[in-house]
Amino acid sequence: EAGVAQSPRYKIIEKRQSVAFWCNPISGHATLYWYQQILGQGPKLLIQFQNNGVVDDSQLPKDRFSAERLKGVDSTLKIQPAKLEDSAVYLCASSLLTSGGDGTQYFGPGTRLTVL
Amino acid sequence: SQQGEEDPQALSIQEGENATMNCSYKTSINNLQWYRQNSGRGLVHLILIRSNEREKHSGRLRVTLDTSKKSSSLLITASRAADTASYFCAKEGSYIPTFGRGTSLIVHP
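In order, the protein sequence lines correspond to chains A and B.
Just so we're aligned: the first sequence equals residues 1 to 116 in our numbering.
Just so we're aligned: the second sequence equals residues 1001 to 1109 in our numbering.
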């Protein structure tokens, strides 16, 4: 079974530029998560999708971050414009999370973003 | 905000010793999961314990859950250098998972 795919693996941009990350979850996984992980901290949930609907985006800075999951499969996360404090690893995860499911998440390798 | 924290933040032991790390949380949970993260990589699921369970084992891993104290512990027995990683607990309540800061474990060969 293929794992969660993310691209790019690394990205360096200057502040005020825009950037987009892509995630392809495990086939059949209804739920997709985007996390931001700042160095030395745990992952912070940015947005959670169930199929192509948003379950929670309370911690997504909506003035600059946006995410979509068209057709309930792939997802993109965009930052526009980027700030220095956006430097972090952006992790994508997916889970089955059907009714009564355990919500075990399978993580991709992450995208390391550096904002100069 | 992130709910609960892992403790200790850092742990350094010799190969063969046991490593214990703890996780606390504030509100009720449906289940709790432990994950490992090797440097520069994504998280890997280790073990899930449900709110009605008190202890689970998986290989050299033992997880306990005390819902009255709102805490969980992860024990790694007979540690190996390859266990060097950060360990996180994820608390799942209303389907929104929250992670703590993690415990950084270093196992010296």
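Keep in mind that the hints were calculated from the coordinates and are not lab data.
It is possible that part of the hints are untrue.
Claimed, not checked - Distance condition first, Cα-Cα at most 27 Å in a straight line; then the derived DSS-like pairs of lysine-lysine:
| id | chain 1 | residue 1 | chain 2 | residue 2 |
| --- | --- | --- | --- | --- |
| 1 | B | K1070 | A | K83 |
| 2 | A | K62 | A | K83 |
| 3 | B | K1026 | B | K1069 |
| 4 | A | K71 | A | K15 |
| 5 | A | K83 | A | K15 |
| 6 | A | K11 | A | K78 |
| 7 | A | K44 | B | K1070 |
| 8 | A | K44 | B | K1026 |
| 9 | B | K1056 | B | K1070 |
Hint-by-hint comparison with the structure:
1. B:K1070 to A:K83: Measuring from Cα to Cα gives roughly 37 Å; hence the hint is violated.
2. A:K62 to A:K83: Holds - the C-alpha atoms of K83 of chain A and K62 of chain A are around 14 Å apart, at most 27 Å.
3. B:K1026 to B:K1069: holds (9 Å)
4. A:K71 to A:K15: violated (31 Å)
5. A:K83 to A:K15: holds (5 Å)
6. A:K11 to A:K78: holds (13 Å)
7. A:K44 to B:K1070: holds (21 Å)
8. A:K44 to B:K1026: holds (17 Å)
9. B:K1056 to B:K1070: holds (17 Å)
The structure does not agree with the numbered hints 1, 4 stated previously, though it agrees with the rest.
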